[in-house]
Each structure stands twice: as structure tokens, then as C-alpha cells.
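A.B. asks: Listed below are the residues making up each chain.
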Amino acid sequence: MRRLSGRFRSSLIIGIQGIRARKLRTLLSMISLFLGVLAVVVVQAGASIAERALLADLELQQGYDGTRVMDMPLQQEATEFLADTVKGRDDAVAILGVSGIVGEPGVLPVNPGGAPIDQDWGPAMVCNDTGCEPAPGVKGQAVEVRLTALSGDVRRFRPFRAVSGQWLDFSTVPAMAPRLVLNREAAKAFDRYKVPAEMRVNGAASNVTPRFVGVVDDGDQQPRAYVRLDELTTWLPASRLADPNTGGEMRLMMTQGSPVEPVVSAKLKALGNEPYVFTVESRKDQEKQLALMRLVFFAMAGLVLLIGVAGILNVGLATVGERVEEFALRRAVGTPRMLLAGIVLAETLLTGLLTAAAAIGASVAGLKVVSMVVGNSQPILSDVQFPWEAGVAGIIAGLVAGVLGGFIPALRAAGIPIATVMRA
Amino acid sequence: MSTLIELEGITKVLKGQEQPRTILDGVGLTVNAGQSVAIVGRSGSGKSTLLSVIGLFDRPDSGSYRLDGQEIAKLPERRAAKLRSSHFGFVFQRFFLLKHLTASQNVAMALVNGQGWLPRRQRRSRVMEALDQVGIAHLAKSRPAKMSGGEQQRVAIARALVRDPKVLLADEPTGALDIETGTLVIDALLSATERGCGLILVTHDRDHAARMCRTHDLVDGVLTERVAAR
Chain S
1 MRRLSGRFRS SLIIGIQGIR ARKLRTLLSM ISLFLGVLAV VVVQAGASIA ERALLADLEL
61 QQGYDGTRVM DMPLQQEATE FLADTVKGRD DAVAILGVSG IVGEPGVLPV NPGGAPIDQD
121 WGPAMVCNDT GCEPAPGVKG QAVEVRLTAL SGDVRRFRPF RAVSGQWLDF STVPAMAPRL
181 VLNREAAKAF DRYKVPAEMR VNGAASNVTP RFVGVVDDGD QQPRAYVRLD ELTTWLPASR
241 LADPNTGGEM RLMMTQGSPV EPVVSAKLKA LGNEPYVFTV ESRKDQEKQL ALMRLVFFAM
301 AGLVLLIGVA GILNVGLATV GERVEEFALR RAVGTPRMLL AGIVLAETLL TGLLTAAAAI
361 GASVAGLKVV SMVVGNSQPI LSDVQFPWEA GVAGIIAGLV AGVLGGFIPA LRAAGIPIAT
421 VMRA
Chain D
1 MSTLIELEGI TKVLKGQEQP RTILDGVGLT VNAGQSVAIV GRSGSGKSTL LSVIGLFDRP
61 DSGSYRLDGQ EIAKLPERRA AKLRSSHFGF VFQRFFLLKH LTASQNVAMA LVNGQGWLPR
121 RQRRSRVMEA LDQVGIAHLA KSRPAKMSGG EQQRVAIARA LVRDPKVLLA DEPTGALDIE
181 TGTLVIDALL SATERGCGLI LVTHDRDHAA RMCRTHDLVD GVLTERVAAR
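Protein sequence lines, in the order shown, are assigned to chains S and D. If you read the first sequence in this note's numbering, its first letter stands for residue 1, the second for the next number, and so on. If you read the second sequence in this note's numbering, its first letter stands for residue 1, the second for the next number, and so on.
Possibly wrong hints are sitting among the right ones.
As the list claims (entries may be wrong) - With a straight-line Cα cutoff of 30 Å, these simulated DSSO-like cross-link-like pairs (lysine-lysine) come out:
no., chain 1, residue 1, chain 2, residue 2
1, D, Lys82, D, Lys166
2, D, Lys99, D, Lys166
3, S, Lys23, D, Lys99
4, S, Lys368, S, Lys288
5, D, Lys74, D, Lys99
6, S, Lys23, D, Lys141
7, S, Lys87, S, Lys267
8, S, Lys139, S, Lys194
9, D, Lys15, S, Lys23
Stated by the list, open to error - With the C-beta cut set under 7 Å, the calculated list includes, among others, these residues of chain D facing chain S:
no., residue
10, Phe96
11, Leu98
12, His100
13, Val112
14, Gly114
15, Gly116
Keep in mind the hints are simulated off the structure, nothing from the lab. Note that the structure is a prediction, hence the values are computed from the model and not measured. Note that CB positions come from ideal geometry on N, CA and C, so glycine has one too.
Make a model of the complete structure from these sequences and hints.
C.D. replies: Okay, here's the thing in C-alpha cells:
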């Protein structure tokens with residue numbers, strides 16, 4: 001170990017001396033390698049940033065990796081036992097959705113069917129057991145939202161981003177006037193249309209006056225309003241939350257191994273229904289999406305890197321050719337062949353590392369500039385941090401280029417006959 | 001005085017030509033600690049080849065080579081490198097100083113050779129000691145380009161001495177120097193023998209050869225002693 005350490009230090013010292021003695025050559029090697037390493041760093045940084053953004057969006061819409069999701073067929077009998085089963089639990093949240101219209105009574109909403117506010121999904125329809133038909137009436141100052149009742153804090157499973165105001169407080173007693181948290185699309189609709197604060201929900205005892213307490217980004221394109229289940233059921237029987245005619249939804253989000261899952265499954269089976277249960281695998285999904293793209297870009301970066309390696313190799317061979325006497329002399333004073341090879345490799349490795357440092361520095365600076373210039377228009381790039389994976393990729397690329405570019409010159413150096421100094 | 005080097009029947013044949021040529025033909029030589037030996041001969045007589053064999057740059061085709069009593073004629077390269085580092089110091093006609101290094105760094109080169117590791121402070125002290133032995137400690141920070149030929153050769157001698165070798169091998173060390181400077185260089189080499197170091201000097205200069213304990217003539221690969229030990 002001591003001998004190895006001595007050889008390592010010797011090669012490092014001599015390597016640094018060599019680099020200092022041939023600054024221009026080192027610079028030329030670095031220039032030829034710079035673009036290759038930069039390409040690797042940029043591809044890795046781009047892939048990491050895209051991956052994070054994609055993952056964040058997927059988590060926002062689907063939930064954190066590992067979350068168990070149970071989608072249930074709409075069944076009025078199921079709503080009450082579902083609400084009772086998850087009541088007060090931290091490991092499971094029931095999500096029940098119905099359509100709600102907030103605004104002027106007796107008019108049709110500006111976005112029938114709860115469409116995104118700038119899209120037209122066709123006329124408002126009224127559905128019953130016999131079918132659907134266009135709803136009578138005219139559009140007025142009202143907005144239709146997907147009213148989503150939550151039995152607990154769903155943010156444990158879906159990372160909603162706070163935009164303004166507060167999130168629903170599940171620790172207090174239920175309020176008589178349901179508190180609503182809007183998503184961005186709903187907030188946009190209420191910002192555009194000044195509507196009275198009166199909410200109609202099919203089957204409710206009466207119209208209610210909601211209170212808007214906050215806005216979140218939930219990744220949904222439809223206008224949506226989140227409400228505490230117990231506050232909504234003050235006005236609306238739980239059974240009405242599973243009305244198939246209002247496009248309702250029933251979903252359970254749980255931790256892995258939650259005892260709620262087998263209980264709810266058994267109860268649903270007893271009612272003759274089979275729930276659909278799956279585990280969220282956002283990372284796996286997005287990896288599939290990014291794998292091919294990343295492969296293509298890395299292949300291109302690798303090609304540019306190879307050109308850089310050829311540059312180092314070229315300069316390395318020329319340098320060894322010029323240093324024949326030096327290497328022969330070093331052998332004469334007892335330097336082993338392996339150490340001579342190590343000296344050349346140390347020089348190319350240090351050159352590779354210096355280049356990697358320069359490429360990483362340039363990438364960090366570039367990313368900062370891009371973030372400052374286009375960050376406002378591209379949220380993915382606003383306040384973005386340089387991914388450490390890109391730094392690691394750059395260092396690896398620099399080291400690999402150093403080894404590849406220095407290998408043949410190192411072999412040459414080790415093979416220089418010692419008698420060169422005697423014949424000189 | 002203990003025997004450092006014993007050569008017996010050393011033969012070296014140059015192959016790869018139409019007619020193989022015998023460069024060394026049954027050479028025998030003994031060098032004791034503190035003894036100086038001059039080898040004189042015409043160009044192409046095999047002086048440098050003999051020095052290559054003694055310095056373990058090259059291996060003899062036949063014969064016996066004992067260093068400190070150990071047979072080393074067929075030594076593998078790894079062990080030869082170790083012995084070169086521990087037993088030998090080399091001085092060449094061309095000084096072979098690395099121009100991008102200072103005098104002290106050139107001397108330290110023999111210490112930073114992968115054969116053991118000395119901390120920087122010890123390294124510096126040994127380098128300064130070696131430079132002092134040849135009288136140029138004041139040039140420690142100078143680069144070769146700023147030094148005269150004699151000074152450069154003395155740096156090369158310091159490099160050879162820094163590992164405290166048992167044998168100094170000098171291949172025409174005064175060949176590129178004027179008479180006065182050459183004499184100073186020989187003085188520096190001879191002063192090493194006073195500390196028990198053996199010296200083998202290959203030279204064309206009869207005056208320098210005369211200052212050695214013994215002189216050997218190498219003619220057509222055959223080594224013969226000319227002068228008896230003083």
C-alpha cells in the first residue's frame with residue numbers, strides 16, 4: 001500500500017509538472033475535449049431537469065410512487081361505508097367527486113360539463129336513468145366545477161403546490177359554509193367571471209354559500225374545487241356523491257399495506273363490485289418515456305466526446321514522441337515502466353478532469369443565464385438548480401476521455417528503451 | 001575494501017545484422033568501494049555498451065555479473081529498476097536535464113521515481129545536500145537554460161548522488177565541456193569516491209583517465225588493464 005501510494009504520488013507530481021511545462025498543449029487538449037464533455041453534461045442536465053419536471057407533473061396528477069389507488073364503481077351504498085371506514089385515518093383518503101355549479105341560480109354554466117374555461121365541450125346535458133338530453137335554459141354567470149370531497153389531507157399522496165391562500169384544515173370542526181380550495185383552472189374561471197357565491201349540487205338539501213380559502217396547482221385541466229367531505233355532507237347526503245348522472249368519481253388513496261384496502265375490497269365484493277386497485281409508479285412510467293430520448297442524445301454526446309478523445313490521443317502521442325529522452329532518463333534513475341505509464345495517464349486524467357471542471361462551470365453558468373432569461377415564460381426553467389447527476393456525468397466523461405486518450409501514449413512511454421540516453 | 005562489482009566473461013553480441021557483431025568479448029572487471037576506474041577506448045569500441053550492462057540498462061548474452069556478491073546477470077526488469085535506483089548514479093555526456101524544471105527539481109527527479117517515498121522536507125534537504133556537494137547549492141532555483149555547461153553537468157552529478165549510490169557510472173561526462181570545467185566535473189566525481197562510492201568513468205581524455213585508480217582499455221570488445229592500481 002505504501003509503495004502504491006508512493007507511485008501514485010510520484011505520478012501525480014510528475015504529471016502536474018508535465019502539465020505546467022506544456023500549458024499550451026494542455027489547453028489545446030482541453031479545447032478538443034471541452035465540447036465532448038460539455039455535450040455529456042448538457043444532455044445529462046437536460047435529462048435530469050426534464051425528468052424532475054416530468055416526475056413532478058406525474059406525481060401531481062397520479063400521486064407519489066408507491067401510493068395504492070383503488071378506483072371504485074359508482075355505487076350509492078358504498079359511499080357511506082367508505083366515508084365511515086376512512087374517517088379519522090391518516091393512511092387512507094377517500095375522494096368523492098360530483099359536479100357543482102357556482103354562480104347565478106337558474107342559469108346554465110359558462111363551461112357546461114365542467115370543461116376547461118377556454119374549451120367548448122358542447123352544450124350542457126341533463127342525464128337521468130333513461131339517457132341524456134340538452135339542458136334547458138341559457139348560459140349565465142355561473143361556473144361548473146368538479147367538486148371533490150376529501151375525507152382527509154390528500155397532499156400526503158398528491159403533492160399539490162400551494163398557489164395562494166390556505167389548504168383545507170381537517171383538524172377543526174366542520175364549518176357550516178363549506179370551505180373550497182380551487183385549482184388553477186377554477187381560479188382562472190372565477191377570476192374571469194364575477195359570479196355570486198352560491199353553489200348548486202344535484203341532490204343537495206339547498207344551495208349553499210361556499211367560502212374560497214385557497215388556490216392550489218393540482219395539474220388538472222378541468223376546473224376543480226376541493227372540499228372537506230364532512231362539510232359537504234352537511235348539505236348533501238353521502239349517497240348522492242355517487243350519482244352516475246353527474247359524472248361522479250369514487251377513489252381511495254392509501255399507503256402500502258394499509259388495512260383499509262382489504263376491508264373496503266371485501267365490502268365492495270359483498271356488494272357485488274370488484275374494485276380496480278393499482279400502485280402508482282410515476283418514476284417507472286416517465287423512465288420509459290425518457291429512456292429512448294436520453295439514449296439518442298447520449299449517443300450523439302458520446303460521438304462528440306470520441307472526437308475529443310482523438311484530440312487528446314493525438315496530442316498525447318506527439319508529446320510522448322518529444323519526451324523520449326525524458327522517459328528513458330527516468331527509467332535510468334530507477335522509475336519502473338508502470339510508473340512511466342502512470343505519469344502519462346495522470347497527465348491525461350488531470351487534463352480530462354480540468355476539462356470536466358470547465359464544462360461543468362460553463363453549464364452551471366449557462367443554466368443560470370437561461371433560467372434568468374426565459375425562467376418567467378418557462379416554469380420548468382425558473383429557479384432551476386444544476387442537477388448533481390450532470391456534474392457526476394461530466395467528471396466521469398472527463399475521466400473516461402483521459403483514460404482512453406492517454407492509454408496508447410502511456411503504453412508507448414512505458415516501452416521506450418532505456419538505452420536511448422546512452423545512444424543520444 | 002569490499003567488492004562492489006565483479007564482471008567475468010561478459011559477452012554481448014549485436015544481432016539483427018547480416019553478420020552478428022561481438023561488442024563485448026569476455027569482459028572481466030572488478031570495482032571496489034571507493035575505487036575509481038577509467039575505461040578508455042575508441043568510438044564504437046563498446047564502452048557505452050559495457051556501461052549499459054553494468055548499469056542494468058541492458059543484459060549480457062553470457063557471463064557473470066555480481067553486484068555486492070549477488071548474481072544479477074539475468075535480472076528481471078522490475079528488480080533491475082529497483083537496483084538502478086538504490087545502487088547506481090548515472091552521469092551522461094549530454095546532461096539530460098529537463099528544461100522545464102529547476103536545478104533542485106531536476107535533482108529531486110531521482111527521488112520521485114516510485115521506489116519508496118520521501119516526505120517533501122526530507123526530499124528538499126537531500127537535494128540541497130547533493131547540490132552542496134557539487135558546489136552549486138546557490139543555483140537550486142535556476143533552470144538549465146540559465147546555467148553554463150559545467151553547472152548543468154554538476155546538477156546532473158548531484159542528481160546521480162542524491163540517492164547516495166554505491167557506484168557512479170559516468171559516460172564521457174566532460175565530452176561537452178572545456179578543459180577547466182571538465183576538471184571541475186572530474187573533481188566532483190572523485191570527491192564521491194572519498195565517501196566510499198565506486199566510480200566507473202568512460203572517457204577519451206587521457207588526463208582525466210590518469211586521475212583514476214585504474215585505467216582499462218577497451219579494444220574490439222576486449223578489456224585490458226593498462227595501469228596498476230595506485
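A.B. asks: Need the list of violated hint numbers for this structure, in ascending order.
C.D. replies: As far as the earlier hints go, 5, 9 are violated by this structure, in ascending order.
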